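Listed here are the chains, written in short residue letters.
Number of protein chains: 2
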Amino acid sequence: MARTSGIIVIGNEILSGKTQDENALFLVRELRDLGVDVRKIAVIPDELDLIAHEVREFSKAYDYVFTTGGVGPTHDDLTMDGIALAFDQKIIRHDELESILRHYYSDELIDGNLRMADVPDGARLVGGGGIWFPVIAVENVFIFPGVPEILQRKFNRIKELFRDKPYHLREVFLLADEGQIARILHDLLGEFPDLMLGSYPYVDNPVYSIKLTLESKEPEYLDRALDKLLGRLSEIRLVPVKV
Amino acid sequence: MARTSGIIVIGNEILSGKTQDENALFLVRELRDLGVDVRKIAVIPDELDLIAHEVREFSKAYDYVFTTGGVGPTHDDLTMDGIALAFDQKIIRHDELESILRHYYSDELIDGNLRMADVPDGARLVGGGGIWFPVIAVENVFIFPGVPEILQRKFNRIKELFRDKPYHLREVFLLADEGQIARILHDLLGEFPDLMLGSYPYVDNPVYSIKLTLESKEPEYLDRALDKLLGRLSEIRLVPVKV
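Residue numbers (this note's numbering), protein chains in the order written: chain P, 1 to 243; chain E, 1 to 243.
These aren't lab readings, by the way, just hints derived from the structure by calculation.
The structure displayed is predicted, hence computed values, not measured ones.
We put the CB at the ideal spot given by N, CA and C, even for glycine.
Mixed in with the good hints, there may be bad ones.
To be verified - Footprint (simulated), chain P over chain E, 3 or more residues, beta carbon under 8 Å: (1) 11 to 20; (2) 68 to 77; (3) 147 to 156; (4) 177 to 183; (5) 194 to 202.
To be verified - Here are the simulated lysine-lysine pairs, BS3-like style, with alpha carbons at most 27 Å apart: (6) P:K217 / P:K228; (7) E:K18 / P:K165; (8) P:K18 / E:K228; (9) P:K228 / P:K165; (10) E:K18 / P:K211; (11) P:K18 / E:K159; (12) P:K159 / E:K18.
Here chain P stands alone, though its shape is the one from the complex (with noise of 0.2 Å):
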């Protein structure tokens, strides 16, 4: 079985469509890469109880959860007090990321600040070391801000821990209805039921219209579904455009 996770992304500004996420995408397609099973994305806003609850769900449900957004020193940064919430914790002022703070800032250092080392009791840092300020976990939760940048950045230099299995993958494109094909799907997967199949309309596209995945852990597994799958789709009247 893959390693599971869910990604949490915290944001008002996303919900009114102000901001375009692009931090999901990255790790959704990082996590994959990885071997890892993205089994949930939710958007929520900047509320502290709606956190606190999605986070113990996730936290609850998958190996892994990732948040974005919400970290800093602003009125509507509540991801470390929603994480605290969760996990009946308090918010304490962590002594290594204080005084990394305080070198970062040195003179012009103000109060506001120091706001960015309060974190859930018991927070663990990740990935530190020489790099000015690490990942902050709490449980099996990781917590990342909603600057794209700086998540990526982050997320590479810890992405090894996570490092499963990897995913093998095959497309086969075909020219035809879906209507025409459900029945050989449906039959496929009655014989290998650890495919992981996806069958996809494209509109309005002169070459394919509809693209099928097959994925598994297991490329011999998944190479025998795909010569069945061909074999069946063989037998009617349809052009596999390309494997």
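Please arrange chain E on chain P, whose structure you already have, making use of the hints.
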């Protein structure tokens, strides 16, 4: 109070990073423009129980629910079944939808195509008439396909159903550190508790490092809050770059 809504994006292809979802972004922008508050977006797999669970939760929590994806004739199209399960309804073959499909496919109709006429008992057809396939709604849930071109066409046909009092937005751009203004923002919300106030940091931008967004459905209230904010910002040494 604004009408509330939630968006459920259904599809393994989004969670595995194979497809970039465009539908949630389209819908949040349209709904915001219509004056409707989007409270949550969930992206979930093509799995019956998960769809039913999410639809049930969203339907209770929000005035309107929009689902995208998982409608079609193949094994991974489980949205109708999931919605039926959420409301303890059976799937029935809908006479009017069947006749639309029979007319559309004519001599080329095969059984698989008619699965598109199988909907939860009690489903309503919205925004039909002249155009070949209406939007299907069950209770407060509006069901859209995953193909963005079709979703957009369908949404545009029915969007006036949702129009509400509009939101008004003011933006302030600053070259500052969020820590410097956190107190001011906190105080502003104390005085204007109904203000929607966002503070967003930008990295590596030479012109501004923070965007503040102020929103309300009451333009006078909004402008009073804006005046107050600009007054307070002028007391400290910041550069309000643009209003």
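Now for the hints, and whether the structure bears them out:
1. 11 to 20: Held - the region 11 to 20 of chain E has 9 residues with a Cβ nearer than 8 Å to chain P, which meets the minimum of three.
2. 68 to 77: holds (count 5)
3. 147 to 156: holds (count 3)
4. 177 to 183: holds (count 7)
5. 194 to 202: holds (count 7)
6. P:K217 / P:K228: holds, 18 Å
7. E:K18 / P:K165: holds, 18 Å
8. P:K18 / E:K228: Roughly 23 Å separates the two Cα atoms, so the pair holds.
9. P:K228 / P:K165: Holds, because 24 Å separates the two Cα atoms, which is no more than 27 Å.
10. E:K18 / P:K211: holds, 11 Å
11. P:K18 / E:K159: holds, 20 Å
12. P:K159 / E:K18: Distance ~20 Å between P:K159 and E:K18 Cα, so the pair holds.
Against the hints set out earlier in the document, no violation occurs for any number.
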